[in-house]
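Protein chains: 2
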Amino acid sequence: MAGGGGGGGGPAARAVLQRCVRASLQVKPADELSEARFVQIDRGMVIYICFFKGATEDILPKMVSTLLNLRLCESDSGKMVSVLELPGSLLIIPQATLGGKAKGRGMQYHSNISKEDGLRLYSAFVALCEKELTAAAAAAGSQVTMKHGTYGNRQVLKLDTNGPYTHLMEF
Amino acid sequence: MAGGGGGGGGPAARAVLQRCVRASLQVKPADELSEARFVQIDRGMVIYICFFKGATEDILPKMVSTLLNLRLCESDSGKMVSVLELPGSLLIIPQATLGGKAKGRGMQYHSNISKEDGLRLYSAFVALCEKELTAAAAAAGSQVTMKHGTYGNRQVLKLDTNGPYTHLMEF
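Taken in sequence, the protein lines are chains E and D.
Position 24 of the first sequence, counting from 1, maps to 24 under my numbering, and the rest follow consecutively.
Position 92 of the second sequence, counting from 1, maps to 92 under my numbering, and the rest follow consecutively.
Hints listed in this document are in silico derivations from the structure and should not be mistaken for laboratory results.
Where is the CB? At the ideal position from N, CA and C, for every residue including glycine.
Derived pair list, reagent style BS3-like, types lysine-lysine, alpha-carbon separation capped at 25 angstroms:
| no. | chain 1 | residue 1 | chain 2 | residue 2 |
| --- | --- | --- | --- | --- |
| 1 | E | K158 | D | K28 |
| 2 | D | K101 | E | K101 |
| 3 | D | K101 | E | K62 |
| 4 | E | K158 | D | K79 |
| 5 | E | K115 | D | K79 |
| 6 | E | K62 | E | K115 |
| 7 | E | K79 | D | K101 |
| 8 | E | K79 | D | K115 |
| 9 | D | K62 | D | K131 |
| 10 | E | K103 | D | K62 |
| 11 | D | K53 | E | K101 |
| 12 | D | K79 | E | K103 |
| 13 | D | K115 | D | K103 |
| 14 | E | K79 | D | K28 |
| 15 | E | K101 | D | K62 |
| 16 | E | K28 | D | K158 |
| 17 | E | K158 | D | K158 |
| 18 | D | K101 | E | K53 |
| 19 | E | K101 | D | K79 |
Covered by chain E, according to a simulated footprint, are these stretches of chain D (three or more residues, beta-carbon under 8 angstroms):
| no. | segment |
| --- | --- |
| 20 | 67-75 |
| 21 | 89-98 |
| 22 | 101-111 |
| 23 | 147-157 |
| 24 | 160-170 |
Could you build all of it, start to finish, from the sequences and the hints given here?
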C-alpha cells in the first residue's frame, strides 16, 4: 500500500472495497413527518471510507484515481476490469469506525480526523468520484449511478453480492 | 493493532468485522443435480478473515478471544456489548482478497498463506469461534447460530445491516 500522509507515520485514509450486484443505504432516518429515505445502486462497487488526522485534499486525486481504476470488477465475460471500465455504479459510505484501534475490549478512534475536516474531505472525495465516473459512463455511452451516504449518520446498509471480494486500501 | 507474527514484519492475519441484522451466504453453488445451498444468521456479526504467510495456530486463541470480546454490538438498550455478551450469531467468511496489495491497476496476493495452510488455520479458527460462542450462549440460556463459508469457494453474500459499523483488526 502507498505510504501515508497521516500523522505518526500511519495512513492518511483507509478504504474497504466490496463488489455488489445491488446495494441500498438509508440516507435519512424516518421521523414523525416522513418515511426513511434510501439510495440504491445496482452492479458496481461499495467504498467504505475513513480519513485520519493529518489527511489533506492533496491525497484525493491519486486516491480516487487508484480506487476507481483498480481491476476489482468482473465483466460479463468474466474479465477483471475496473469500475470505470465496467462501467459500474458506485456507493460511497463514510465509515469512521474503520479508523478504530482496540484498547482492551473497547475501540478508540483517536487517530480519526476531526468531524469538520472529515466532512470537507469526504465531500471533496465524493465530488471527485462523481466526476470520474460520470466521464467514464458518458464515454462508454452507459448509464451508471453514483450514490453516497451522509457524513455523521448511521449508515443502514443492505448489500447483495455475487462475492464481496473485499479489499483493503490505505493511502 | 497487535504486532503481527507474519513474515516481513507484516500482520499474520487480517479481519474485517461488520454488524448485521441478517446475513446469508451461499456455501454450495447450484449444479445440475441440486439447487444452491445457503447458510443464514440473524442479528450478530460477520467476520471476513485472511491469513498471511508465516501465520501459525499459536495466534488463534488470542485472535478469537479478541474478536469475540470486542464491544462492537449494540444491545436492545443501546449499550455496546461483545457478540458473546449479546449473545449474537456469527458468520465467518474466508476472504483471501483481504490480503491483496495493489500493483499498478491489478491486485497481487503474494503475502497470502498457501491454500493448504490457510485451510488448516481457517478450520481451526472456525472451530475455536464455535466453541466460544456455544459456551457463551449456553451460559446465557440463549440460542445463537454460528455459520461459516467454504474455504476456496466464491462467497455469495447478502448482508442486511442496521449500520455495518465496519472495523479492521490485524494480528
